[in-house]
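J.: The listed protein sequences derive, respectively, from chains C and F.
Numbering that gives the first Met the number 0 numbers the first residue of the first sequence as 0 and each following residue consecutively.
Numbering that gives the first Met the number 0 numbers the first residue of the second sequence as 0 and each following residue consecutively.
Quick caveat, the hints were computed from the structure, so don't treat them as lab data.
Since we're looking at a predicted model, the values are computed, not measured.
Careful, some of the hints might be misleading.
[Stated by the list, open to error] Here are a few chain F residues that sit away from chain C, every Cβ distance over 12 angstroms (derived from the structure):
no.	residue
1	His45
2	Lys313
3	Thr367
[Unchecked claim] One side of the interface only, derived from the structure: several residues of chain C facing chain F at Cβ under 10 angstroms:
no.	residue
4	Gly13
5	Arg17
6	Arg23
7	Arg24
8	Asn63
9	Ile71
10	Thr72
11	Val76
12	Thr77
13	Ile79
14	Gly126
15	Lys130
16	Leu135
[Said to hold, decoys possible] Not close to chain F: a few residues of chain C, all C-beta gaps over 12 angstroms, as computed:
no.	residue
17	Val8
18	Glu9
19	Thr62
20	Val70
21	Pro80
22	Arg92
23	Ile112
24	Glu139
25	Ser158
C-beta atoms are modelled at their ideal positions from N, C-alpha and C, and glycine is treated no differently.
Listed here are the chains, written in short residue letters.
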Amino acid sequence: MKQTLVALVEDKPGVLNRVANLFRRRNFNIESLAVGHSETPGVSRMTIVTDEEEYLRRNIVRTNLLKMVNVITVEDVTDIPSVIRETALIKVRIDATKRREVMDLAEMYRGRIVDVANHSLIVEVTGESTKIDSMLEVLEPIGIVEVMRTGKIAMRRGSVTAREKNGTSGT
Amino acid sequence: MGKTLTGADIIWECLVQEGVEVVFGYPGGAILRAYDALNNYYDQLHHVLVRHEQGATHMADGYARASGKVGVAIATSGPGATNMVTGLATAMMDSSPIVCITGQVASTAIGGDAFQECDVTGVTMPVTKHNYLVTDVNELAQIIREAFYIARTGRPGPVLIDVPKNVQFAEIENFVYPTEPINLPGYQPPKNLPQEQVDKALELINNAKKPVILAGHGVLLANAMPELLELSQKGNIPVTPTLLGIGGLPASNPLNIGMMGMHGEACANHAIQESDLLIACGMRFDDRVTGKLNTYSPNSKKIHIDIDASEINKNIRVDLGLVTDLGIALRQINPKIEQKDRSAWLHQIRDWQEESNQRDVLNIESPTLLAAQAIRKVWEGTAGNAVIVSDVGQHQMLESQYYPHEEPNTLLTSGGLGTMGFSVPASIGASFHVKDREVWVIVGDGCIQMTIMELATAVQENANINICIINNGHLGMVRQWQQMFYDARYAETPISSPNYVKLAEAYGMPGYRVDKLEDIIPIMRKAQAHDGPVLIEMVVEQYDMVYPMVPAGADLDAMIRRPHPQFEDMEI
Ligand SMILES: Cc1ncc(C[n+]2csc(CCOP(=O)(O)OP(=O)(O)O)c2C)c(N)n1
Chain C
0 MKQTLVALVE DKPGVLNRVA NLFRRRNFNI ESLAVGHSET PGVSRMTIVT
50 DEEEYLRRNI VRTNLLKMVN VITVEDVTDI PSVIRETALI KVRIDATKRR
100 EVMDLAEMYR GRIVDVANHS LIVEVTGEST KIDSMLEVLE PIGIVEVMRT
150 GKIAMRRGSV TAREKNGTSG T
Chain F
0 MGKTLTGADI IWECLVQEGV EVVFGYPGGA ILRAYDALNN YYDQLHHVLV
50 RHEQGATHMA DGYARASGKV GVAIATSGPG ATNMVTGLAT AMMDSSPIVC
100 ITGQVASTAI GGDAFQECDV TGVTMPVTKH NYLVTDVNEL AQIIREAFYI
150 ARTGRPGPVL IDVPKNVQFA EIENFVYPTE PINLPGYQPP KNLPQEQVDK
200 ALELINNAKK PVILAGHGVL LANAMPELLE LSQKGNIPVT PTLLGIGGLP
250 ASNPLNIGMM GMHGEACANH AIQESDLLIA CGMRFDDRVT GKLNTYSPNS
300 KKIHIDIDAS EINKNIRVDL GLVTDLGIAL RQINPKIEQK DRSAWLHQIR
350 DWQEESNQRD VLNIESPTLL AAQAIRKVWE GTAGNAVIVS DVGQHQMLES
400 QYYPHEEPNT LLTSGGLGTM GFSVPASIGA SFHVKDREVW VIVGDGCIQM
450 TIMELATAVQ ENANINICII NNGHLGMVRQ WQQMFYDARY AETPISSPNY
500 VKLAEAYGMP GYRVDKLEDI IPIMRKAQAH DGPVLIEMVV EQYDMVYPMV
550 PAGADLDAMI RRPHPQFEDM EI
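Next up, chain C with everything else stripped away, as it sits in the complex:
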């Protein structure tokens, strides 16, 4: 299974660069990385997905991240019950005969049509990555011309927050 990490980082210039640089420097592969503001001003939240499978390697990814001065906490949520979501925008080329079919499919996936033009539609869909994979599969024969996926964002289920889950100290 892919490794999913949630990190709280100080919102300082170059932090994204530092994180990306660390992965390159340590020869780890980032599958996706999503960053945005968190509930606390000055603190950003990152969800990082790596292709590390093995437990010890995963731990090294986590501890290397934690070691960075600007990284406040890191939690590996791979094996923890969490809500993991991804959003995709999918542009499908269609003619009038296919419009209905795409709209029906979008509805089945609880997606939305967010743009309509004469020869194309944009479908927005949110869910687990497998759901998006599946949506892409069914739209493929109709004619996908553009896909944008956000990468995963994750949050632990229940009342525990990422901030409370502090790891070992940075060094």
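With chain C held as given, fit chain F with the ligand onto it using these hints.
T.: This is chain F with the ligand only, laid out in the frame that chain C set:
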């Protein structure tokens, strides 16, 4: 009420507040405003004008390693800053606390490829523990405080601060030195270990029959020498240091079985391979000490104590990883260490040692001067009491074998990066702290030519350093690999040298040449009587080798030994 200060003043003000006595640097356009402000601070700190910014970083590093304090280097933007990269990487690999301050083009010009602009925070990101680009003069003082704090705490390391020109010019009215505690939410001091981890460690240690302590640089950095001594003494546990762990336990302590690794003592490598418990203290299982990873110490349980969590299970899988300051960990563990008679194990190690004694190069009578014997003479001539700064190559390994160190921080050497050219500048830096001992440099004829321009700095500062050039006419360590693994095809390893005696004279320092063992001590006496830098060229055997040697990637105990008629058929 504070005074009105410019960013340039604040740099020096903060250095003084941090207790800095000496800085190593080189001026240039983008740092000129700061240098102008230095005029107001000459009575509070000393500036050493280096001859190359790489030298400034190694000097700061040498000063830091000798003193345990933070070393400081300063340079201009662009080429001045990029010249520091080697020194930063050297300090990073060896966890040495230095702070480098670089000038930068005006923040408004950044990104425009201005004259001598270089993305220095980008370039140095992977070779610093942390770095800063200062964009607001109001943040400068706090950033400098943070930089010092980060450099010297936790696992120490280099921090770089890039200060644009306009920030140096900007003024603060009523400057008050910040005193609030440093608040870095992502960076916390080490804590006590949970009791169950301590108990697990005790169970492993108290039940081990053939334990070995691997003592790394962390012992010195954590000042955990007394705790290491107690652990080994109480449990009768042999200790083998890494190259940078040398001095963590006195070499004369019978439980110190000598350095491990590629050119380590055979008995130490055998002990590691045969051990049933490794207790790794502040070391990181570098490939130069493990040999082949999947045959490394195959029958042992492993405890790894390190302040850096990301070192645990990085190269070697361990049974118990303890993440905290080594001193803290050992103070928790030591009280319940049981006194054990481990004499069978210690005897076995002594038997391995016996064979090494037979093969010892000190027993060889050679018509030419042998580097190992020359280095042993330096030990004799300094009563084993000097701070030795060694460079990289055969002479470095021979120093670690033939100059026994009794105390911590008396061997300064570039271990992790293996940076040729480290020793001469590092010794100059060290000489600003070391006043009660002599500083001796052991350097090859290749290495000295990498940073030889710093001889001028040594003379200008009248630095009390004694430089022994072990001249074998070759890049000896590389030649050794060619001889062993490339059928003695010596591509680009013979190297010529200037006349060092004349060169020393040209730089304005005494220079001597020796090629006989018996001449070494008398010449050392002359050097010792001289106040200021001295150079001694030791002309040694060109084709000697360093033994034992674990070939790269071989099993740790698959050592190539110095041939000896008692063990091998050999022509003499
Ligand atoms: C900057 C740098 N370049 C190249 C090397 C590779 N290297 C390691 S040891 C060595 C030879 C050193 O020669 P010398 O200073 O004469 O010392 P010796 O081995 O002969 O004692 C070389 C070239 C290095 N470690 N550092």
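J.: So, for every hint listed, does it hold in this structure?
T.: Status of each hint after checking the structure:
1. Under the 12 angstroms C-beta cut-off, the non-interface status given to F/His45 relative to chain C holds; the minimum distance is some 30 angstroms.
2. Listed as outside the interface, F/Lys313 is inconsistent with that label: its C-beta sits roughly 6 angstroms from the nearest C-beta of chain C, within the 12 angstroms cut-off.
3. Taking the minimum C-beta to C-beta distance to chain C, about 45 angstroms, the non-interface status of F/Thr367 holds against the 12 angstroms cut.
4. Using the Cβ-Cβ criterion of 10 angstroms, the hint placing C/Gly13 at the interface with chain F is satisfied: the shortest such distance is roughly 7 angstroms.
5. With its C-beta approaching chain F no nearer than about 6 angstroms, C/Arg17 sits inside the 10 angstroms limit, and its interface hint holds.
6. Below 10 angstroms, beta-carbon pairs count as interface contacts, and C/Arg23 has one with chain F at about 8 angstroms; its hint therefore holds.
7. Look at C/Arg24: its Cβ gets to within about 5 angstroms of chain F, closer than 10 angstroms, so that hint holds up.
8. Taking 10 angstroms as the C-beta contact cut-off toward chain F, the hint placing C/Asn63 at the interface holds, the least distance being around 5 angstroms.
9. With its C-beta approaching chain F no nearer than about 4 angstroms, C/Ile71 sits inside the 10 angstroms limit, and its interface hint holds.
10. For the restraint placing C/Thr72 at the interface with chain F, the shortest Cβ-Cβ distance is roughly 8 angstroms, inside the 10 angstroms limit, so the hint holds.
11. For the restraint placing C/Val76 at the interface with chain F, the shortest Cβ-Cβ distance is roughly 18 angstroms, beyond the 10 angstroms limit, so the hint is violated.
12. Taken as an interface hint, C/Thr77 does not check out: its beta carbon lies about 17 angstroms from the nearest beta carbon of chain F, beyond 10 angstroms.
13. For C/Ile79, the interface hint is violated, since its Cβ never comes within 10 angstroms of a Cβ in chain F; the closest pair sits about 19 angstroms apart.
14. A hinted interface residue such as C/Gly126 counts as satisfied when its beta carbon comes closer than 10 angstroms to some beta carbon of chain F; here the least separation is about 32 angstroms, so the hint is violated.
15. For C/Lys130, the suggested interface contact is broken, since its CB lies about 34 angstroms from the closest CB of chain F, more than 10 angstroms.
16. Interface hint status for C/Leu135: violated, as the beta-carbon distance to the closest one in chain F is roughly 36 angstroms, over 10 angstroms.
17. A cut-off of 12 angstroms between C-beta atoms contradicts the statement that C/Val8 is not in contact with chain F; the least separation is 7 angstroms.
18. The beta carbon of C/Glu9 is not kept farther than 12 angstroms from every beta carbon of chain F, the shortest such distance being approximately 6 angstroms.
19. The Cβ of C/Thr62 sits about 4 angstroms from the closest Cβ of chain F, inside the 12 angstroms cut-off, so the non-interface label is violated.
20. With a least beta-carbon separation of about 5 angstroms from chain F, C/Val70 fails to lie farther than 12 angstroms from that chain, contradicting its non-interface assignment.
21. Remark: the non-interface label on C/Pro80 is consistent with the geometry, its nearest Cβ contact in chain F lying 25 angstroms away (cut-off 12 angstroms).
22. Residue-level check passed: C/Arg92 sits 40 angstroms from the nearest beta carbon of chain F, beyond 12 angstroms.
23. No beta-carbon of chain F comes within 12 angstroms of the beta-carbon of C/Ile112; the shortest separation is about 41 angstroms.
24. Distance check for C/Glu139 against chain F: the nearest CB is about 40 angstroms away, which clears 12 angstroms, and the non-interface claim stands.
25. At roughly 22 angstroms from the closest C-beta of chain F, the C-beta of C/Ser158 stays outside 12 angstroms, upholding its exclusion from the interface.
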